Structures are given as structure tokens and as C-alpha cells.
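Join these two chains into a complex; the hints should help.
Here the protein sequences line up with chains A and B, keeping their order.
Going by our numbering, 64 is the number at position 42 of the first sequence; the sequence numbering is gapless.
Going by our numbering, 551 is the number at position 126 of the second sequence; the sequence numbering is gapless.
Each hint should be verified, as a subset may be incorrect.
Unchecked claim - Computed list of lysine-lysine pairs in DSS-like fashion (alpha-carbon distance at most 30 Å, straight line):
id, chain 1, residue 1, chain 2, residue 2
1, B, K529, B, K431
2, B, K525, A, K60
3, A, K26, A, K106
4, B, K475, A, K97
5, B, K597, B, K525
6, A, K26, A, K97
7, A, K100, B, K529
8, B, K597, A, K26
9, B, K475, B, K597
10, A, K100, A, K26
11, A, K26, A, K95
12, A, K95, B, K475
13, A, K100, B, K475
14, B, K569, A, K95
15, A, K60, B, K431
16, B, K569, A, K97
17, B, K475, A, K106
18, B, K525, A, K106
19, B, K431, B, K525
20, B, K478, A, K97
21, B, K431, A, K100
22, A, K95, B, K597
23, A, K95, A, K106
24, B, K597, B, K431
25, B, K478, A, K106
26, B, K529, B, K475
27, B, K475, A, K60
28, A, K26, B, K569
29, B, K597, B, K478
30, B, K478, A, K26
Claimed, not checked - Computed footprint of chain A on chain B; a stretch qualifies when at least three of its residues, placed anywhere within it, have a C-beta under 8 Å from a C-beta of chain A:
id, stretch
31, 493-502
32, 533-542
33, 569-578
FYI, nobody ran anything at the bench for these hints, they're computed from the structure.
For clarity, every value in this text was computed on a predicted model and none was experimentally measured.
Glycine included, C-beta positions come from ideal geometry on N, C-alpha and C.
For reference, the chains in residue letters:
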Amino acid sequence: MSEKFNGPPLASLTAAGIGSFSLGLFVVLTEAFPQAMKPLMTLDSGVGPLSGKTCYAVGIYFLSWIILYFCFKNKQLKEMFWIKVTFLFLFLALLTTFPPVFLLFGQHA
Amino acid sequence: MEVSVKEMWTVLHGMILGSVFLLAFAGAVADLYAMNSQWLTPAGANQGVKRLKIGLWSMSIISWVTVISGTWMVYIWYRAVPPDAGADLTQFPRYFLLSKETTKGWHEFGMEWKEHVAWIVPLFMTSIAYVVHYYGTELRANPKIRQALFWLLIISFGAAAAAGIFGAFINKMAATR
Numbered sequence: 023m024s025e026k027f028n029g030p031p032l033a034s035l036t037a038a039g040i041g042s043f044s045l046g047l048f049v050v051l052t053e054a055f056p057q058a059m060k061p062l063m064t065l066d067s068g069v070g071p072l073s074g075k076t077c078y079a080v081g082i083y084f085l086s087w088i089i090l091y092f093c094f095k096n097k098q099l100k101e102m103f104w105i106k107v108t109f110l111f112l113f114l115a116l117l118t119t120f121p122p123v124f125l126l127f128g129q130h131a
Numbered sequence: 426m427e428v429s430v431k432e433m434w435t436v437l438h439g440m441i442l443g444s445v446f447l448l449a450f451a452g453a454v455a456d457l458y459a460m461n462s463q464w465l466t467p468a469g470a471n472q473g474v475k476r477l478k479i480g481l482w483s484m485s486i487i488s489w490v491t492v493i494s495g496t497w498m499v500y501i502w503y504r505a506v507p508p509d510a511g512a513d514l515t516q517f518p519r520y521f522l523l524s525k526e527t528t529k530g531w532h533e534f535g536m537e538w539k540e541h542v543a544w545i546v547p548l549f550m551t552s553i554a555y556v557v558h559y560y561g562t563e564l565r566a567n568p569k570i571r572q573a574l575f576w577l578l579i580i581s582f583g584a585a586a587a588a589g590i591f592g593a594f595i596n597k598m599a600a601t602r
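This is chain B alone, in the form it adopts within the complex (with noise of 0.2 Å):
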């Protein structure tokens, strides 16, 4: 039962916060598309402004620690260099991949993506629960804002799971240990 440091970080990274991310992506996003003046009442409207605030702004913490923790802890291990041409890349997560042809492709195409897609999650996070932050219950009212939004935390919820499945894959291919 043993877990390394960077183990538990990169399954705090991974599988803990953005786990939770991509799962209250599904709550925020019904709930946006709930928030019409012809459905709800303004006790309703109430309720779902509280959850909404509350739920965007936890998305957008859980967004910054994600990509902080991922860029300046999980991926310092990730590409740290061998010492020696005769290392054991296993170790050495980047180069183990670069090292053969079936795998290099994991680097070049999966964590560039991945380590670059990630960061515009946390930006329209924000964003996005401020707006929703600063209309509160007036977001009823004004339909344009609300799909902006809605589209927005679409687009962020596939920019999170491109990079969540190709983390999981790399870690797979070559764990950071």
C-alpha cells in the first residue's frame, strides 16, 4: 500500500481534482440551462443562482489548483533528464515515450496538447463565474449572456477532458513514479 510523493500528487492532480471537475461539469451545465424566466420561479430562480455561484466558483479553484499543481509539480517529474545515456527511462516519463516510435506520439502529440489546452480552462472559469456571479438572478432575463455561457462552459468542459484522457493515457503509458 505504499504511495510515493509524486504519486500522490499526480493522483491529487489527476484522478481527485480533475475527476471532480469534469463531474460538477454536469451539475453547472444543467443548471445553466435551467436558469429560463418562462421555468422558474423567483424562489426557484434563487436556488438555482445560489448552487450555480457556488458551483462555478468551486469549479474555478478546483481549475487553477489543477493546472498549477500539474505545470509546476507533475510535469517537473515528467520531463526531468536522464543523468546518463544509460539510465532507466522508466524513471524519466518523457524520454521513456520519445525513446521508441510506438510512443513518441504521446509526447509530441498528447501532453503538448494537453499541457497547453488545460490553462484556458481556468481563465473562462473564472470568467464565467463572475458573470453569472455579478447577474445572479437577472441572468433569467438576458438569454444572449446566458448561451454565451452555456457554450463557454461546454467548450472548457471539452478543453478539461481533452487534457484529463490524455493525462490518464501518458500516465498509463509511462507513470510518473
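Isolated chain A, as found in the complex (with noise of 0.2 Å):
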């Protein structure tokens, strides 16, 4: 087994999930209430509603980074518990982000 403490890359681990998920997130929510969504997420009008979506996702990506980092610093974890929700985030990233599925959230259904 590692010496080192397994927080800080699980933490790391994990916020990528999250900022995934969260961007995955941001395009299902943006499907399901465009007018309120789009220009929430549109910060600039070149680019449109993904400009939000990616900053916003990268954004929560760092943060969680941060605050999952000063969580688990000195820690060791169930590590298969923390891959497992690493991996969860992951797919469910994967499944929003796929157009056939975040279409069932909007007016194509």
C-alpha cells in the first residue's frame, strides 16, 4: 500500500466527476427551461448558451477541487468508495451531455 494519504487525488478525482456532472447538468437543465436558462448561460452571444455551460462547469470543477482538497488533506479514505462516486458522476456526465438524451428534457419530446 501508498504512504502517502489517498485524500488529496481522490479529492481531485471526485471533483472532476462533479464539474462533469454539473456540466452535464447545465445541459439538461438548459433543454428543460431554455428561456430562463439560455440567458443565464450565455455570457457571450458568439459563443451562446455553451459559454455558461463550460465556465460554470470548470468553475464548479476547481472549486469543489479546492474544498474537497482542504476536506480530505490529511485523510485516508475508503478509496473504492470514492472512485465508485467518481465513476457514478462520470456516467452520469456521459448520459447527460448525449443528445438523445438530454433532448427527452426539452420541446423535441
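Shown next, in the form of C-alpha cells:
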């Protein structure tokens, strides 16, 4: 077994999962509530709503990494649990960024 | 031999950065797979980890530059709105694709998938690089983390490949000029 605390690396992987899932969530929410979400997500008129979805998701990624890092810093965590959490977030992110899935939430349904 | 600024950025985004990322994947996955305590001497592990760190941080930087240039440059040109109904749609790729029943799927499925799924890659690549950097040669003695990184790398590659393939096809159907 490694002698280093596994908290910091697990914080980083979990944050990547959270950031990715938040992107998928923004995609679904923008599809489901376009009138409310599109102006919120449009940080740049040229890029459109994609600008907000991606900028907010990246922000959430780094923010959750910082928060989890300080929570997990000197801790030895249950590795498999946090790895499963990461993969769950990743699975949800892949699902919610797949057009046939997120379009189910929109007016195309 | 003329190349416009838009074409240059499209080439840099897809053919140069995207291809380098996909090629680097093979090396990274092989090094990560080989990072096993039973197969490597300490000197071999040192060398392998050094290569992995450089490779993964490079892939992370490349993936960030690829998605940022794709979203904040190429995508803006892709979704530019034609000035009037009679405009030449070949200069407006998104509207060109949507104008025909036979090509609208390239936007509605291809671009809609590509523009979102690609952004998952830099997030995971950065975290994978950080984890390898953090553990260093101790990665050899941590099979669970190693296995998780291996699969995360494969999935990130899949996402990048999907984005790259659709990008190439979309640019073939309606080139950004």
C-alpha cells in the first residue's frame, strides 16, 4: 500500500466527476427550461449558451477540488467508495451530454 | 497555397492539437498499464513515472487548449448567423447543415454531442495528471488507483475521439472558411 494520504488524489478525481456532471446538468436544464436558462448560460453572444455551461462547469470543478482538498487533505479514505462516486458522476455526465438523452428533456420530446 | 485565419485555427484545433492528444494517449495508457510493482525495477519505475508525468501534463494542457480554441474561436465561426435569407449558406456551417434534411443530423446529433462531451476530457486529464504526479513511483503499489486511472484515461480517450471524429466529419460536410 502507498504511504501517502489518499485524500488529495481522491479529492481531485471526485472534483473532476462533479465538474463533468455539473456540465451535464447545465445541458439538461438549458434544454428543459430554455427561456430561463439560455440568458443565464449565455456569457458570450458568439458562443451562446455553451459559454456559460462550460465556464460554470470548469468553475465548479476547480472550486469543488479546492473544497474537497481541504476536507480530505490529511485523510486516508475508503478508496473504492470515492472511486465509485467518481465513476458514477462520470457516467451521469456522459449520459446527460448525449443528445438523444438531453433532448428528452426539451421541446423535441 | 492560401489558408485563411479561420482555416488555420480549425486545422490547429482539430488536426494538430486533437491528433497529438489522441496519439499521446497510446503512450500514456501503455506506461500506466506497465506501472506494476511486479514488472518494474525501481529504476524502471522512476523512468516510467517521469515519462508519465510529462505525458499526462502535456495531454492535459493540450486538451485545455483544444477545447478553449474549439469553443471560443472555431465554434463562433461555425454558428455565425447569416445576414439575410438569401445569403450563401456555405459560409455559415451551422445553418448550411440545418438547411437540408440529409445534413441536419450532423448538427443536431454530431455537433451537439461533440461540443459538450469534449469538455469532460480536460477536467479528467488534469486530475489524472495530478494523481500520477502526487503518487509518483508509489503508484506501483496502488493497484486500485492505477486501475481507476487506466479506465478514466480510456473513457477520456473515447470522449476525445468522439469529439474528434465528429469534428472531422462536420468540417468535411460544412467547412469553416
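Unsatisfied constraints (hint numbers, rising): Numbers 7, 8, 9, 18, 21, 22, 26, 27 and 29, in rising order.
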